[in-house]
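Enquirer: Given next are the chains, with one letter for each unit.
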Amino acid sequence: MTDYQVVRRPNTLLRNLNSKIASIPMILTALVVFVGGTVWTVFYSFTNSKLLPRSVFVGFDQYERLWASERWIVSIQNLAIYGFFALIFSFVVGFVLAAFMDQKIRFESVFRTIFLYPFALSFIVTGLVWQWLLNPDFGVQHVVRSLGWTGFTFDPLYTQSIVIYGVLIAALWQGTGLVMVLMLAGLRGIDEDIWKASRVDGIPMVKTYLLIIIPMMRPVFITTLVIVASGIVKVYDLVVAQTSGGPGIASEVPAKYVYDYMFQAQNLGQGFAASTMMLITISIIIIPWAYLEFGGKKRG
Amino acid sequence: MARSVSTSRRVTFTVIAWVIALILFFPILWTIITSFKSEGDAIAFPPVFLNFHWTLDSYREVQERSDYLLHVWNSAAISFGSTLIALLISIPAAWAMAFNPGKRTKDILMWMLSTKMMPAVAVLVPFYLAFKNLGLLDTKLGLIIILTMMNLPIIVWMLYSYFKEIPGEILEAARMDGATLGKEIVYVLAPMAVPGIASTVLLNIILSWNEAFWTLNLSASQAAPLSTFIASYSSPEGLFWAKLSAASTLAIAPILVMGWFSQKQLVRGLTFGAVK
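As they're listed, the protein sequences go chains A and B.
Counting with our numbering, you get residues 1 to 300 for the letters of the first sequence.
Counting with our numbering, you get residues 1 to 276 for the letters of the second sequence.
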C-alpha cells in the first residue's frame, strides 16, 4: 500500500467525500443482497412457514426436525467425506502439478490453458460428462472389461456406499486445474535466489519444497483453501447433474436439501433452518481466515 | 531467473505434461466427438474413435427441440450485461478503496468477499418472491440484476488488487498538472488499468456464462441461458448420448473458443492477478 493518504493535500476532505460516494452503490448492493437476504432467512427459520413465509414462531422446532432427519445426516456426512478428500487431493495434486509446471517446460501456457479448461465449464456439463464416463454400460468399466478384465467393477454412481466418490472424481477433474494455477502463481512469486541457496547447500529438491517453499507460500495456500472450501460447502449443481442425489438418498448434499425442502416439499421453514446451518458452517470457515489474514497485523 | 534444467529432464517433463493434459482434456474431446455420431455409434462397442459416420443429426435434433440461438443470445446478453453494470458500480468503488483507503477499507473488502462464499440457496427464497412480485421472473433483466449482484464482490476485489499496483504518485502528478477528477480517471487511471479490467471482465463473463444456480431457478424458457438449456437435456434424455453431447458441445463451445484466445487474461483473472 502506498503512503498516499499521509501526503497532505488541500482537497483531502473533498476527495475522501468522493471516495465515500464512489463506494456507496457497492456497499448498498452488498447490504441489500447479502445482509438483507441472510437476516430474512434466519428470521423465517424460526417459523413454521410452508408454501409461503409466515410469521408464526415455533422456536427451534425446525432445527430439531432437521437434525432428526436421516436425509440431512446423510447430506452432512457426504459433505464431510467430499470436502475432506476434495481438499486433500486438489491440494496435493494441484501442488505437484504446479511444481512440475514450474520446471520451465515447453508450451507452458498451452498446458495451463488445458488444465484450466475443466474449470471454465459449468458444473452442469461436468456432471453430465462424468455421469456418462462413469456409467457402467458405456464408460470406464465397460472399456476395461472389454479389454479382458471381465471382473473389473467401477460403477460408483450406481453403488450407494461409494456414490459420493463418483461425484468427487468429477469435482477433482473440474477443480484441480484452478488449484494448480493458483499454486503456480505462488511458486513464481518465490525468489529464485532461494533455489540457488538451497542448491549451494545441497538440500534435495523435495526437502526444499516441503521445508522452505511451502511455508513461504502460506498466503497462497490460505487463499486457495478459502476458494476451494467455500466451493465445497456450496456444492449443488454437480450433484444435481450427475446423480440427482441418488441412488436413493446416498449422494444428497446440504445445498440440495435446502433446495428440495423449499421448492419441492414446500416446507420453507425447514429449508431456512437448513440454510441457516450452512451459513453458520461458512462463517466457521471464513471468520478464522479473515482474522488470520486481516486481523492483528495490517498488510499492504 | 536462470534455473538450469537438463534437457533430458525437460523432455521427460514435457512428455508427462502432455499425458496429463490429454487425460484432463479427454472428457471434453470425447463429448465433442460423440456429438458428431449417430445415437447408434455413440453407444457402439467397442467405442469407435474417429472411424464412424460423421453426422450433424444430433445438432439438427437439438436445434429442432430448443432454439439454440435464442439461448446463446440470452447467455451473451446476461453475461455481458451483468458484467457491464457490475463494472460501472465497482470501478468507482475499487478506485476509492485503492487510492483513498480509510481505516475500514480492508474490513469492508473482506466482508464483501466473504459474502461471495455464502451459499446462494440460503437467499434464494427472498429473491424468488421479490422477483415474482416485480415481474422479473424469466426475464433477461432479472437475471442481469441477480448476476450483477452475485459477482460484484469478486469484481471489486479483483479491480482493487489491480488498481493497488498502480502507483498513486502518477495520479498525484496528473492532479498537480491540473487534471480534474474525471480526467484523472479517464485519461490516467483507465489506460493503466486496462489489462486488469480486461482480465476481470473475462473472468466475470465466464462465471456468469456458467452460472447455473440462479439461472436455473429464476428462468424458465424465454430468458433461459445455455445452462438452463443444457440442464433440460440432462434427465429425460439420459440415454441419448449423442444428442446430449451435441447439446453439451454447443453449450461449452463459446467458452472453449474464448478461453483459448484469451489464455493470458483468463489465467490472470482466475488467479486474481497473481500471475503476470
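If you're looking for bench data, these hints aren't it; they were derived computationally from the structure.
Here a beta-carbon is modelled for each residue, glycine too, at the ideal position from N, C-alpha and C.
Hints should not be assumed to be uniformly reliable.
Derived CB-CB ranges, DEER-like [unchecked claim]:
1. A:GLU64 with B:PRO191: 53 to 61 Å
2. B:LEU50 with A:VAL35: 49 to 57 Å
3. B:SER8 with A:LEU147: 28 to 36 Å
4. A:GLU64 with B:ALA76: 43 to 51 Å
5. B:GLY40 with A:ILE212: 52 to 60 Å
6. A:LEU292 with B:LYS103: 43 to 51 Å
7. B:ILE32 with A:ARG54: 45 to 53 Å
8. A:VAL56 with B:ALA76: 41 to 49 Å
Enquirer: Next step is simple, just say for each hint if it's right about the structure.
Expert: Evaluated hints:
no.	hint	result
1	A:GLU64 with B:PRO191: 53 to 61 Å	60 Å, holds
2	B:LEU50 with A:VAL35: 49 to 57 Å	55 Å, holds
3	B:SER8 with A:LEU147: 28 to 36 Å	32 Å, holds
4	A:GLU64 with B:ALA76: 43 to 51 Å	47 Å, holds
5	B:GLY40 with A:ILE212: 52 to 60 Å	58 Å, holds
6	A:LEU292 with B:LYS103: 43 to 51 Å	20 Å, violated
7	B:ILE32 with A:ARG54: 45 to 53 Å	50 Å, holds
8	A:VAL56 with B:ALA76: 41 to 49 Å	45 Å, holds
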